[in-house]
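Here the protein sequences line up with chains E and P, keeping their order.
Numbering-wise, the first sequence is residues 1 to 335 according to UniProt numbering.
Numbering-wise, the second sequence is residues 1 to 124 according to UniProt numbering.
Hints should not be assumed to be uniformly reliable.
To be verified - As a list, the in silico EDC-like pairs of lysine to aspartate or glutamate whose alpha-carbon atoms are at most 16 angstroms apart: (1) K111(P) x E139(E); (2) K46(E) x D124(P); (3) K46(E) x D30(P); (4) K112(P) x E144(E); (5) K104(P) x E290(E); (6) K86(E) x D30(P); (7) K46(E) x D91(P).
Please keep in mind that the hints were generated in silico from the structure rather than gathered at the bench.
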Amino acid sequence: MVPLSQVWTVASYVIGKKLKGVKRYPLVLMLEPLFRCNLACAGCGKIQYPDHILNRRLTPEQCWAAAEECGAPIVSIAGGEPLVHKEIDRIVEGLIRMKRYVYLCSNALLLKKRLDLFKPSKYLTFSIHLDGLKEEHDESVCREGVYETAVEGIKEAVKRGFRVTINSTLFDGANPERVRAFFDEAMRLGIEGIMVSPGYSYQKAPDQEHFLQRNKTRELFKQILKDRKKSWKFNLSPLFLEFLQGNIEYDCTPWGNPTYNVFGWQKPCYLLQDGYAKTFKELIESTPWEKYGFRSGNPKCANCMVHSGYEATAVNDTFGSWRGFAKTVKATLSL
Amino acid sequence: MGKEKKVLSGEKFVFSNDSQKIEILEAAFDYRGDVTLELVQGQTIEGYLFNRQLTEAPFFVEMLVPGEESARRIPIEQICAVTFSGKDPADGKSYEAWKAKKEKERREEAKKIESEMKQAGLLD
Chain E
1 MVPLSQVWTV
11 ASYVIGKKLK
21 GVKRYPLVLM
31 LEPLFRCNLA
41 CAGCGKIQYP
51 DHILNRRLTP
61 EQCWAAAEEC
71 GAPIVSIAGG
81 EPLVHKEIDR
91 IVEGLIRMKR
101 YVYLCSNALL
111 LKKRLDLFKP
121 SKYLTFSIHL
131 DGLKEEHDES
141 VCREGVYETA
151 VEGIKEAVKR
161 GFRVTINSTL
171 FDGANPERVR
181 AFFDEAMRLG
191 IEGIMVSPGY
201 SYQKAPDQEH
211 FLQRNKTREL
221 FKQILKDRKK
231 SWKFNLSPLF
241 LEFLQGNIEY
251 DCTPWGNPTY
261 NVFGWQKPCY
271 LLQDGYAKTF
281 KELIESTPWE
291 KYGFRSGNPK
301 CANCMVHSGY
311 EATAVNDTFG
321 SWRGFAKTVK
331 ATLSL
Chain P
1 MGKEKKVLSG
11 EKFVFSNDSQ
21 KIEILEAAFD
31 YRGDVTLELV
41 QGQTIEGYLF
51 NRQLTEAPFF
61 VEMLVPGEES
71 ARRIPIEQIC
81 AVTFSGKDPA
91 DGKSYEAWKA
101 KKEKERREEA
111 KKIESEMKQA
121 GLLD
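For reference, chain E alone in the conformation it holds in the complex:
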C-alpha cells in the first residue's frame, strides 16, 4: 500500500493549490538526468540522440534545483536508465532530504549491483519496468533474459525492505488474459503495486483510425480490469483506472507532470517535444497549453491516454471537490 503520509502529502498539496487559486501546478516532476540506456527498445523515443547528447548528465545540484523550482511532491526519475548515472545515489539522497517521494524508474538490469547505494525509506520506491510476462517483456525490450534479471532485482529489493512497484506499458495487441496472469505474477513478487498505462501511439491525423485506437484502449482495459482481483494493487488513482476503461472522460493536464532533462524544461509534456524553457516559471507561462490535450484537437494528442497526462487530471479531480472525492471512494469500494 502507498504510505498514508504520501497520500496525505499529495492531498494537502492539491487542496492547498486549489485554495490559493493556482490554476496549473505540478504533481509529479519527471526528471531525466540522462538519456543513456543499457537497453535499446524498438520504438523508444527517449534514447535516439547523438553520442554527445547521450553522454550528458544532469548534476545532482541541477536535479535538486529543478525539484525545488517546481515544487512537485513526487519526483519520478526516468531517462535513459537512471542507475547508469554515476551520482544517482546522491541525486536520490538529496531529493529525500527535501522530503520528495521519489520513484526511481529502472529496467533493473543493474538493480542488484546498485542496491547497496540506497537505504530503504518511505520516500524511495523502485519502479521497475515490466511490460508483461517473460515472453512479452523480453519481446518488448528486444533482449532475451531481461525479465528474469528484473524479477531477481525486484525480489532482492523487496527482501531488503525497499518499496517496489512495477510500471507496465501496454501496446496494441496485448492479450487481456496474459496481462491478468502477469498482474497475478507481479503481485506474487511482493511488490507494493502496479502502474499501468497504454503506450503512446504517435499518429499524424485524427482520422477514424484514431478513434478506434482510443476505443481499443478502453476495450482492452475493460477486459483486463473486469472482475478485478482483490490481490491486485495499483499504484494509480482509482479514477485514472476508470478513465482507462472509458467510464470517465478527462482531458490531459500536461502541466501536472512537467519534464526536466539535459535540454531544460520540456514543452509541453513528457512525450511531446515542442521546445524547451529555461525555468519552470517560463514553462508554465509561455506554453500554449490550450493547443494540447485530447479536446484541443491536436492530432499528436488524439490517441494519448498515458498516465503522465491523465493521472494528474484524475488526482486533481479526486482532491478538487467533494464530488471528485466521492467518485474516488466509490471507485475504490467497487474493487
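Chain P: place on chain E using the hints.
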C-alpha cells in the same frame, strides 16, 4: 521542402527566403541527429539543435555542441544554410521496423547492442 525526415541525412539547404528558412529550421529541430549551421559571417557550427523560437521575436535556435557545457543561442538572421550532417539515430528504429525484421536479424541486433553496452560499462 517536401521530404520525409528519414531522407534528410546528408542533405544541405541554402535558404532562398524566410519561409523556407523557417521550414528547414523546424525540420532541423525535429531531426534526431546533429546538424551543421552555416552563418552569414562564414563560420560553421555543428551540434544538436534542441530548441527553436521561429514564430515570435526574438527568433533563434539553440544548440548543444560537443565539448561545450552550455547551449549556444543563435539568432536566425545569422544562419544562411543548414546541413543535416549527422546520422539520424531514430531512423529505422520504430517498433514496426523491429517487428518486420526476421527473428535471426533481431537476435543478432540484440546481441550486438548487448555487447556494446557491456563494452561501455553499462552492463555487468
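Evaluated hints:
{"no.": "1", "hint": "K111(P) x E139(E)", "in the structure": "holds, 14 angstroms"}
{"no.": "2", "hint": "K46(E) x D124(P)", "in the structure": "violated, 23 angstroms"}
{"no.": "3", "hint": "K46(E) x D30(P)", "in the structure": "holds, 13 angstroms"}
{"no.": "4", "hint": "K112(P) x E144(E)", "in the structure": "holds, 13 angstroms"}
{"no.": "5", "hint": "K104(P) x E290(E)", "in the structure": "violated, 47 angstroms"}
{"no.": "6", "hint": "K86(E) x D30(P)", "in the structure": "violated, 30 angstroms"}
{"no.": "7", "hint": "K46(E) x D91(P)", "in the structure": "holds, 13 angstroms"}
In summary, the numbered hints that this structure violates are 2, 5, 6.
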